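Reconstruct the complex from the two isolated chains, following the hints.
Residue numbers (numbering that gives the first Met the number 0), protein chains in the order written: chain A, 0 to 474; chain B, 0 to 194.
Calculated directly from the structure, the hints in this document are not laboratory data. Just so we're clear, the structure is a prediction, and the values are computed from it rather than from any experiment. Mixed in with the good hints, there may be bad ones.
Unchecked claim - Taking lysine-lysine and the DSS-like style, the derived pairs with C-alpha atoms no more than 27 Å apart in a straight line are:
hint: 1; chain 1: B; residue 1: K141; chain 2: B; residue 2: K89
hint: 2; chain 1: A; residue 1: K163; chain 2: B; residue 2: K89
hint: 3; chain 1: A; residue 1: K275; chain 2: A; residue 2: K163
hint: 4; chain 1: B; residue 1: K2; chain 2: B; residue 2: K141
hint: 5; chain 1: A; residue 1: K10; chain 2: A; residue 2: K381
hint: 6; chain 1: A; residue 1: K248; chain 2: A; residue 2: K166
hint: 7; chain 1: B; residue 1: K141; chain 2: A; residue 2: K166
hint: 8; chain 1: A; residue 1: K166; chain 2: A; residue 2: K5
hint: 9; chain 1: A; residue 1: K163; chain 2: A; residue 2: K10
hint: 10; chain 1: A; residue 1: K5; chain 2: A; residue 2: K163
hint: 11; chain 1: A; residue 1: K163; chain 2: B; residue 2: K141
hint: 12; chain 1: B; residue 1: K2; chain 2: A; residue 2: K163
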Amino acid sequence: MVGMSKTLSEKVWDAHVVRSAEGEPDLLYIDLHLIHEVTSPQAFDGLRATGRGVRRPDLTLATEDHNVPTLDIDKPIADPISRAQVEALRTNCAEFGVPIRPLGDADQGIVHVVGPQLGLTQPGMTVVCGDSHTSTHGAFGALAFGIGTSEVEHVLATQTLPLKPFKTMAVNVEGHLPEGVTAKDLILAIIAQIGTGGGQGYVIEYRGPAIEALSMEQRMTICNMSIEAGARAGMIGPDETTFEYLRGKQRAPADFDAAVDYWRTLVTDADATFDKEVTIDAAGLSPYVTWGTNPGQGLPLRASVPAPEDFDDPAAQQAARKALDYMGLQAGTPLKEIPVDTVFLGSCTNGRIEDLRAAADILRGRKVADSVTMLVVPGSVKVRLQAQAEGLDTVFTRAGAQWRNAGCSMCLAMNPDKLRPQERSASTSNRNFEGRQGPGGRTHLVSPQVAAATAVAGHLAEPNDLPAPSELVEV
Amino acid sequence: MDKFTTHRGIAAPLRHSNVDTDQIIPAEYLKRITRTGYEDALFSAWRQDPDFVLNHPVYTNASILIAGPDFGTGSSREHAVWALSDYGFKVVVSSRFADIFRGNAGKGGLVTAEVEQSVVDRLWELLGQDPQTEVVVDLEAKQIRAGDIVADFVIDDYVRWRLLEGLDDIGITMQHADAITRFERDRPSILPTTA
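Chain B with its partners taken away, still in its complex shape (with noise of 0.2 Å):
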């Protein structure tokens, strides 16, 4: 995975609340076997009307997106992060995470910026007023930098260590590989398997 620092881009208001992995991705495009090649699926009901903010063609780059409270509820197919970031997304920022996308999220590299509505809002407002303003997301100090706007994010202390670093999960737990056997010599026999 690629380290993540600092990143600046234009950003595109998502002015939804409740913004659910179906409509993220629809459930047709998830018979795909493939791990990249998702861009096509991004909000792909919600793109067929022409007024949607990503068919503006001053979003056509994107890499921010900042959405309503609630975002990523619902399925917990990672393809929906595989969709933001296949179309380009670096960043989304809202007052509200649904917890297993926030998590693929850290897997996959898409960072989840957490702020106050009231952020979200200013941000919101700023955009509305000039499309093209440059909005800086640094991980390292977990802030937003917008026009006037300075604002502390949060994000999981140790996914940020993650993403600054670049590190894959399962290399790392890997390491604890004699901590996970010992645990399994003490499990208990009365548990089921499948085989």
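Excised from the complex, chain A in its bound form (with noise of 0.2 Å):
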């Protein structure tokens, strides 16, 4: 019977609402809402304005991530504007009572890092922030999307949204990714398959045998670049890799088993159906790179840069026009022959321990290109940590890398960290927007191997196309 069985992402919803009403969006409650300095100081204004408090600030939590500096972490923020912004968040958390992890705390990092490594994000449940980014916490079977600063006020006075249910669609995922592809190559290869648009008005779940066997860290990389497809939302069923994830974790239910029970029914009934269905083999993947201006124009690193004309579609054609003279590329260029001057590995889509693992595993016993410049930023203090305790830092500073603080940093250039104009990188990061790592800036997404190899080649390039690392050179 229609309306019996569901998919994921509606059992979450439908578990959500608070009030419905013909005509009206459905009033939806915020399990986890989760703030950062940029894009929250209007809505705690707007909250001063009209005499409104914070209703839960028990499930609000705030972090410094966006614009603060990866070095001098332990001195004020040199640039004015920025120690504005965080400060007013310190303030604001003051104010109305929401905690905080602060610069230099053992918690501070990239909002959607510290969340999970909390174990604040759970299956089933709905998270929030004023980041488009929120998709990353789908990965746990949540519903967590990007919400405007006028929709982080909305948060914070009700602990809810008035929002009208998303369509759904399913991204199936067959076969296995093959030796060296990883999760960003696969997204990169999605979003180019359905396009920035694709996915508009839809939450994705990803499905099949290729998802089931990523690691946690895996499905965030996938899950967070959700957005870049034009979804609101994506999703991955929650398994026992979920589950071994979260136990223990310092938020985890204290009766685990109990969760876990509920847990194991957060999933797609067998005769449900999405509104939209889209296949993609693993078995035919190969490392992925983006050449143009928009996360949809990517293509096999082992490809050539395309020409205008190789596109149907007269809107796409002007699209790429525009792009290649953006990005000063020739059609017909090898990609693996570009040349980049920077590297950067971090952001909310790499910058976990298992990317900065991965890219370890390539540096070590190998230097750096003199004419590249690689800036390592973990995603969290917590991630920082750990790569230290496995000394990770010291493979990545005699590569010749630099090992900075926890951040944003140049994802988006907010902090000192950016591209100077005309100025090329391989980044780990999601967007290769014009300018979007410094002004004139020019982006090639990459998976933190490629990047790693990248930085030693000098060139774009995969791990298997760099000699072998010299023996001498040891932790």
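In structure tokens, the structure reads:
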């Protein structure tokens, strides 16, 4: 019967409807509201102007990430405007009683790294944040999506949001990823297939054997970039991998087994239908890279820069022409011949410990090319400390990379870490928009493995392209 | 919020697809903690090009933006809506809007009028012939009128009602405070807190 079978996202949605009425949006309860310095100050001002308080500070957590420096974090922030914004967050949190993990705190870091590592992100929850990459948390089977500042104010005041239900899309990933092909390559391939607008209005559920085989951190990389396909959210059904990741985390449920019993019900019913289904074959994939100025303009690294005429749609042709011009690329150039100046390893997409390990494995015994500056920016203080405990920081610094403190950093260049005009980067972040990493900067999105290989080669490269590492250099 | 009924104004053609919010307002402008004063930030990189559409004197007072598909993709920054509004835009017309941008626009009183790309093409052509053509955006009738073009546009009915009435979303939700309290009483105790 229609209405009996539900997808995962529909189950989570239905469990959070406070009120529904014909012709009106549903009023949806929010289990976790994450905030940061950039999209919250005007929301707190709105509360003050209307005499409203924060309804549930105990379901709200603030961290400082977007504009914080990654050097000299023990000193006052040099940029006065950034400093004022961070100070405004601290003042607002103090005034409204919201818990905060400020710069210098052991739990500070990128908001989408901090939530999961504390165990705050759990299956079946609704999670919002004034940041589009909130979709990251969907890796746990949570319904998690980015919101604007007016909605931040709305959630602060009411712990709810008025919303129309999202449409549902299944992305079925058949087969298994070949050796050396990562979650980042997979999501770039998915976005290239469905386009930057293909997911608009949808929550995507990633399914299939290739998804089930991924670690939690890899699943976060996938869900993180759902927004780059235009989707409101991305989700993956919780399973043993999810439960094992959460077990023992600081905020994991005290009665863990009871929680797991509930979490096991959070699967898409066998006979549920999606509004749209897309299938992709994992086995046919190889490392991916973007050549243009939106995340849908990606190709296998072994391909060449496309020509505008390669596209059928006139709008895509024009977009390609504009992108090639901005990127300073010639059609037909093998992608692996493109030299880069900067390599950025970090962000909420690829700034977790597994990402750092993967890059360190390639850099061990090798050197970053003289022509390349490489920044390694862990996603959180905890990731940084873990990496140091494993000696990864030494691998990076011996290779000639810079070992920084946690934050969003060069992903969006709000802090001092930016590209100069025409400078070219290979970046493990999520957006290759014009000027994203600094005015005039040119970004190629890649996996941590490709980033590390590129840093060594001095041009876009995959690990297999590198000569064997020197055996003399060992930690 | 001011009520929005019908708007008449000059329309600027922005012949780009995938206008992401990093282009509408680069991140360097997001460090401010104010709610207004973002007009200088709007398309700040593109405005350095003297040929950029908004640099043509004929569009100085433009209040309607006619853009290509997938407008407002990327970052959730509501500053993109504030920058458009502060600059003087009341309406953006496109064949497809990114979800978060469209939601933010509705909150900020900026109308997103979704039409077929063929309508965008005809409007671009009309404005190419006469940039001073008055464009009428009638929210009541969900209709755009310019020259001999009459086209219906799509906007969420609830958002349209709120804009027509000039209502504040939080105030509406506050009327249901009892329902929220009841819901909270029944929330499972295993759910985490941040305290």
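query: K10(A) and K381(A): Cα distance at most 27 Å?
result: 33 Å, violated
query: Is K248(A) within 27 Å of K166(A), Cα to Cα?
result: 32 Å, violated
Proposed proximity, K163(A) with K275(A) (alpha carbon, max 27 Å): Cα-Cα ~18 Å, so holds.
query: Taking only the CA atoms, is the gap from K141(B) to K89(B) under or equal to 27 Å?
result: The given pair, whose Cα atoms are some 15 Å apart, holds under the 27 Å limit.
query: Are the Cα positions of K163(A) and K141(B) separated by 27 Å at most?
result: Given that 27 Å is the threshold and the Cα spacing comes to 20 Å, the pair holds.
query: Is K141(B) close enough to K166(A), meaning Cα to Cα at most 27 Å?
result: 24 Å, holds
field: Pair hint K2(B) and K141(B), alpha-carbon separation not exceeding 27 Å
entry: Holds. K2(B) to K141(B) sits at ~15 Å (cutoff 27 Å).
- request: Sort out whether K5(A) lies within 27 Å of K166(A), counting only the CA atoms.
  value: Within the cut-off at roughly 12 Å; holds.
message: Can you confirm whether the C-alpha distance between K163(A) and K10(A) stays at or below 27 Å?
response: 15 Å, holds
field: Given pair status - K89(B), K163(A), alpha carbons within 27 Å
entry: 24 Å, holds
message: Does K163(A) sit within 27 Å of K5(A), going by the straight-line distance between their CA atoms?
response: 17 Å, holds
- prompt: Has the given pair, K2(B) with K163(A), been kept, meaning a C-alpha gap of at most 27 Å?
  reply: Answer holds: K2(B) to K163(A) is near 23 Å, not above 27 Å.
Checked against the numbered hints above, the structure violates hints 5, 6; every other hint is satisfied.
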